[in-house]
Amino acid sequence: MKSPRLRASLALVATVALGAGLVTGTAGTAEAKALKPATSFTMQPDGSSGKTDKGSQIPNIDSVKATIRTYYGATKGQDPANPGKTIYLPNLSTSPYATEVEGIENKILATLPNPAPANTAVVFDVDSTLLSDYANEEEMNFNYSPSLNAAWVTGHLFPAVPGMPALVKTLYTEGYAIFGITGRPNTQEDDTIANLTQQGFTTDGTSTGPAIFNTSNLFTKPNPSAVPAYLTCGTTCTTVQFKSLTRQYIQTNTGDTIAANIGDQWSDLQGGTPAASGDYKIPNPTYYLPSGTTTVPGLSPNTTFTMKPDGSSGKTVGGENIPNLDSVKATIRAYYNATNGIANKATSPYISEMKALAKKWKKKLATSCQKASHRHQRPAVVFDVDDTTLWTYDMEDGAMGFNFDPALQNQWVQGKKFPAVPGMTKVVKKAKKAGCTIVGLTGRTKNQGKATLKNLKKVGYKGFTKRNLFLKPNTGKKYPKYIGCKKTCTTVQYKLGTRKYLEKTRHYTIVANFGDQFSDLKGGHAKKKIKLPNPTYYLP
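Basically the numbering used here = 1-based index in the sequence shown + 43.
Simulated from the structure, these hints should not be mistaken for lab results. Note that the coordinates shown come from a computational prediction; the quantities given were computed from them, not determined experimentally. Be a bit skeptical, because a hint or two may be false.
[To be verified] Straight-line alpha carbon distances no greater than 16 Å define the calculated EDC-like cross-link-like pairs of lysine to aspartate or glutamate that follow:
#1 Lys150 <-> Asp322
#2 Lys388 <-> Asp437
#3 Lys324 <-> Glu143
#4 Lys460 <-> Asp437
#5 Lys570 <-> Glu546
#6 Lys212 <-> Glu145
#7 Lys358 <-> Glu143
#8 Lys459 <-> Asp437
#9 Lys324 <-> Glu145
#10 Lys324 <-> Glu363
#11 Lys79 <-> Asp353
#12 Lys212 <-> Asp247
[Said to hold, decoys possible] Across the chosen pairs, the derived CB separations fall in these ranges:
#13 Thr246 <-> Gly441: 46 to 52 Å
#14 Asn446 <-> Pro271: 22 to 28 Å
#15 His419 <-> Thr531: 34 to 40 Å
#16 Pro344 <-> Thr382: 20 to 26 Å
#17 Ala194 <-> Lys509: 45 to 51 Å
#18 Lys500 <-> Asp448: 42 to 48 Å
#19 Pro344 <-> Ala209: 26 to 32 Å
Virtual Cβ for every residue (Gly too), placed ideally from N, Cα, C.
Make the full structure from the sequences, and use the hints.
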């Protein structure tokens, strides 16, 4: 990670490592194609793809967030639960999400008979099906917090999912029995009913009309001490078991046939017993609740995705075609073999990939440095710092939960807490031994320079010096004149300007430029560009 972050809200791009790791510096078509992130991905919902994929094959988490925000039309506004705090709020009127959900609702109305056949029912999930929890997810930084979630529940802060109050009212009016099954605990039942009622889930569609949902037709997860007999799995029910057994109970207890089952999670719809005659999935790429395996067509998550790097795919692909954020996290954690946010330092797909690439790079660098040195070209190799020489995964996941916190990042920097990126100390050593000057070029700021040098030395790097470690100016300070911009430099401008200065003013020949971000490498002034894998964040 480079500090300060340059994350634009809807302009985050997926980081994808180049397969061979080396890109020629010759301008033209080859370089243009090579310095672009991938846009096609295959990902299993349980995260298992991370065990076999290379870093380039994993959707970048920042790009996924950008795509999700585009899909929901999310813009910054005041947090309903914490006045004075700004979070992303969804557009529940005209966003691609709202349009897609309303299309599903129209399909439901077109499919179900009107009036309802005798003794027929429709079952709804609550969160992200009847009530929109998108803003709540943003407040939690997409990391579930029971206390923050409970504040929204008790405050009745969830708005209605677009068009859902009208759909429920219409089906109720047409004679369908309406039921809700939610994973919320029994202790939240009254507040859930109150929130639904206030959002217009009433017989007249107003916030004060007679409530459609009540304690008789809304099923919450029971207290462990009072599990009903129909939940034969007792206190160990999975979501699929809880919901399918509850649907079975509804049918046997009321005599109603479930005509439609509507939910935002595949686990809301699976299990059968009885199988609803119509299952309708409301799109939700923000979180994933594990579901069982099923052979029923249409009741399993998508596994192939096309995602443009700027987040714009959220305008057109539909919610089911956006990589699910929880699945992306699970895939990244499998790739780093991480437990509780801490990467395995001995074995992981990431370590294996990095060591194999580093072995290849050492040989190539030695040759390049030696040739340039013999020609008196003053060869140099430029290295980014975060996730190129110093490994930030434990901070990104374990400390931050993949949500950048500059104050926390500075604590890690000043504390010199970062280990070396696997294999990279040997790459730097080899380059230095072969006659290359070692240059550090990082988005860290001037006040982090001393700690950065000490951290590099602490974990075994040799060759980095104060003179050849280039850092961004502290907040409010101007960039050097040679950068060509003042206070609003992009990462590309800053790094390109510095490399140009190294070659034109200091008369180095940059034989290779290493970085984990595409913005570390673009713009030229290096004979070879070497991209390290990093799906954990993106810098434009």
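_Structure versus earlier hints, numbers of those that do not hold, lowest first_ = Numbers 14 and 18, in rising order.
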